[in-house]
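Asker: Each protein sequence line maps, in turn, to chains W and S. Residue numbers for the first sequence follow our numbering, beginning at 1 and rising by one. Residue numbers for the second sequence follow our numbering, beginning at 1 and rising by one.
Straight-line C-alpha distance at most 20 Å; calculated SDA-like pairs for lysine to any residue:
{"no.": "1", "chain 1": "W", "residue 1": "Lys89", "chain 2": "S", "residue 2": "Arg326"}
{"no.": "2", "chain 1": "W", "residue 1": "Lys111", "chain 2": "W", "residue 2": "Glu9"}
{"no.": "3", "chain 1": "W", "residue 1": "Lys89", "chain 2": "S", "residue 2": "Glu316"}
{"no.": "4", "chain 1": "W", "residue 1": "Lys89", "chain 2": "S", "residue 2": "Asn319"}
{"no.": "5", "chain 1": "W", "residue 1": "Lys89", "chain 2": "S", "residue 2": "Cys317"}
{"no.": "6", "chain 1": "W", "residue 1": "Lys89", "chain 2": "S", "residue 2": "Val329"}
{"no.": "7", "chain 1": "W", "residue 1": "Lys89", "chain 2": "W", "residue 2": "His101"}
{"no.": "8", "chain 1": "W", "residue 1": "Lys89", "chain 2": "S", "residue 2": "Leu328"}
{"no.": "9", "chain 1": "W", "residue 1": "Lys16", "chain 2": "W", "residue 2": "Glu94"}
{"no.": "10", "chain 1": "W", "residue 1": "Lys16", "chain 2": "W", "residue 2": "Met1"}
{"no.": "11", "chain 1": "W", "residue 1": "Lys89", "chain 2": "S", "residue 2": "Gly321"}
{"no.": "12", "chain 1": "S", "residue 1": "Lys301", "chain 2": "W", "residue 2": "Ala24"}
{"no.": "13", "chain 1": "W", "residue 1": "Lys74", "chain 2": "W", "residue 2": "Asp102"}
{"no.": "14", "chain 1": "S", "residue 1": "Lys301", "chain 2": "W", "residue 2": "Val26"}
{"no.": "15", "chain 1": "W", "residue 1": "Lys89", "chain 2": "S", "residue 2": "Met325"}
{"no.": "16", "chain 1": "S", "residue 1": "Lys139", "chain 2": "S", "residue 2": "Glu193"}
{"no.": "17", "chain 1": "W", "residue 1": "Lys74", "chain 2": "W", "residue 2": "Ala35"}
{"no.": "18", "chain 1": "W", "residue 1": "Lys74", "chain 2": "W", "residue 2": "Arg59"}
{"no.": "19", "chain 1": "W", "residue 1": "Lys89", "chain 2": "S", "residue 2": "Ser322"}
{"no.": "20", "chain 1": "W", "residue 1": "Lys89", "chain 2": "S", "residue 2": "Tyr320"}
{"no.": "21", "chain 1": "W", "residue 1": "Lys89", "chain 2": "S", "residue 2": "Leu324"}
{"no.": "22", "chain 1": "W", "residue 1": "Lys89", "chain 2": "S", "residue 2": "Glu323"}
{"no.": "23", "chain 1": "W", "residue 1": "Lys111", "chain 2": "W", "residue 2": "Ala76"}
{"no.": "24", "chain 1": "W", "residue 1": "Lys89", "chain 2": "S", "residue 2": "His313"}
{"no.": "25", "chain 1": "W", "residue 1": "Lys89", "chain 2": "S", "residue 2": "His12"}
{"no.": "26", "chain 1": "W", "residue 1": "Lys89", "chain 2": "S", "residue 2": "Phe315"}
{"no.": "27", "chain 1": "S", "residue 1": "Lys48", "chain 2": "S", "residue 2": "Ala20"}
{"no.": "28", "chain 1": "W", "residue 1": "Lys89", "chain 2": "S", "residue 2": "Ser327"}
{"no.": "29", "chain 1": "W", "residue 1": "Lys89", "chain 2": "S", "residue 2": "Gln280"}
{"no.": "30", "chain 1": "W", "residue 1": "Lys89", "chain 2": "S", "residue 2": "Ala314"}
{"no.": "31", "chain 1": "S", "residue 1": "Lys301", "chain 2": "S", "residue 2": "Leu27"}
{"no.": "32", "chain 1": "W", "residue 1": "Lys89", "chain 2": "S", "residue 2": "Ala14"}
{"no.": "33", "chain 1": "S", "residue 1": "Lys301", "chain 2": "W", "residue 2": "Ser23"}
{"no.": "34", "chain 1": "S", "residue 1": "Lys301", "chain 2": "S", "residue 2": "Ala314"}
In short, the hints are calculated from the structure, not lab data.
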Amino acid sequence: MDLEVQQLEGGIERVKLAGRLDSAGVQEIDHRLSALTAARSFILVDLSQVPFLASVGIRTLLTNARVLRQRGGKMALLNPQSLVEEVLKVTGIESIIPVFHDLEAASAALKAPA
Amino acid sequence: MNDPSAGRIAPHPAIEVGLAQVFDQCLPDSGGQVASYIPELATVDPDKFGVALATVDGGLWSCGDSDLEFTIQSVSKALSYCLALELLGREEVFRHVGVEPSGDAFNAIVFDPGTQRPFNPMVNAGAITVSALIYRAMKGEALEFLLDRFSRAAGRTLRISESVYRSEAETGHRNRAIGHLLLNVGAAEPPIEPALDLYFRQCSILVTASDLARMGATLANIGENPFTGESVFAVGAVRDALSVMFTCGMYDSSGSWALDVGIPAKSGVGGGVLGVVNRQLGIGTYSPRLDEKGNSVRGLKVFRKLADEFGLHAFECTNYGSELMRSLV
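Using the sequences plus the hints, can you model the full thing?
Answerer: Below is the structure:
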């Protein structure tokens, strides 16, 4: 699994993941994602290149989202594929980590006061 | 990977890929030893490995040696418990065997000191008690009754391995001792020999990993086989059996199993493991190398990985508790 970081305006980090976010995928990105959430405040996880999100992957996203929130930051998810979006919806995760299909809307939500 | 359309459901790439990856990750593990305390079990090929997953809407996915027969052994305990509950009712069954984890080995000769009854039906003492109850209810038709229900749960006609049965019957001195101690404490009633014979025979029933998956799907589907539509187990008995499988099904590894995997399951020293995800899935694995507690090494690994892959654990952050409550709030 690949992880690519792009700095957007307003101190937002766009974290682009590519590959299955399963046990093996989590092992490959866990440290880098944790380091980012420890150091930054606003993380936009781009899921457009993630074909499958395993429960261990969801747990990783939730853990990092909570770390961010405790530090006054936020996480949002961008452009999930239809299968992944369905998983996020059915499991109720989208009510905890908001999902967007529009970069501007996602950026605005991340910067909006809590 | 076998034909994913073996059931009625369209192929599903996420399940196929996930299952194949888990299978490939577990295949190289050659840890553990084949059971040897029943001589005939020591003759199996230790490298065989099969995994199958069946859904309650009739889908079946499988990898490896999923259609290779092996003896069901202690996996049978979960199913026979279900049948005893149906035949005799909860109160009568609970009067003879408890529902508490023992923390002892599967073949331990130990009873609950407070009740003088076996701790639970998933260890040998409890399972022999259950066999005695079924024999009491069905007499000479008990074996036919068990075989018929097991077959309906698997969706095909099952048979007994005569060689394993003979091996079990000839060398099962410890189980015979347990049977006589059950008579001594009043947990079982005489004659005990036919009950022991029923127990040895039920353990020698031949199944495949795919059978275990379909049996699991039958339990997951509230007792109705999703492939045949046949009603196999009583609704209340399924709930009770799954509960005891959850707390006691993996011998003295049941605590760590609940922590890591978090679904009801039952293992057998033949190398099989049957797991149930309530209202969704049955999972069957076969790999005969066992850990020191009698559980299949690769089977355990498969379940841990599938739980992480598909969010099977009852307390996974992606799972809701009561769907009924969810509809209310």
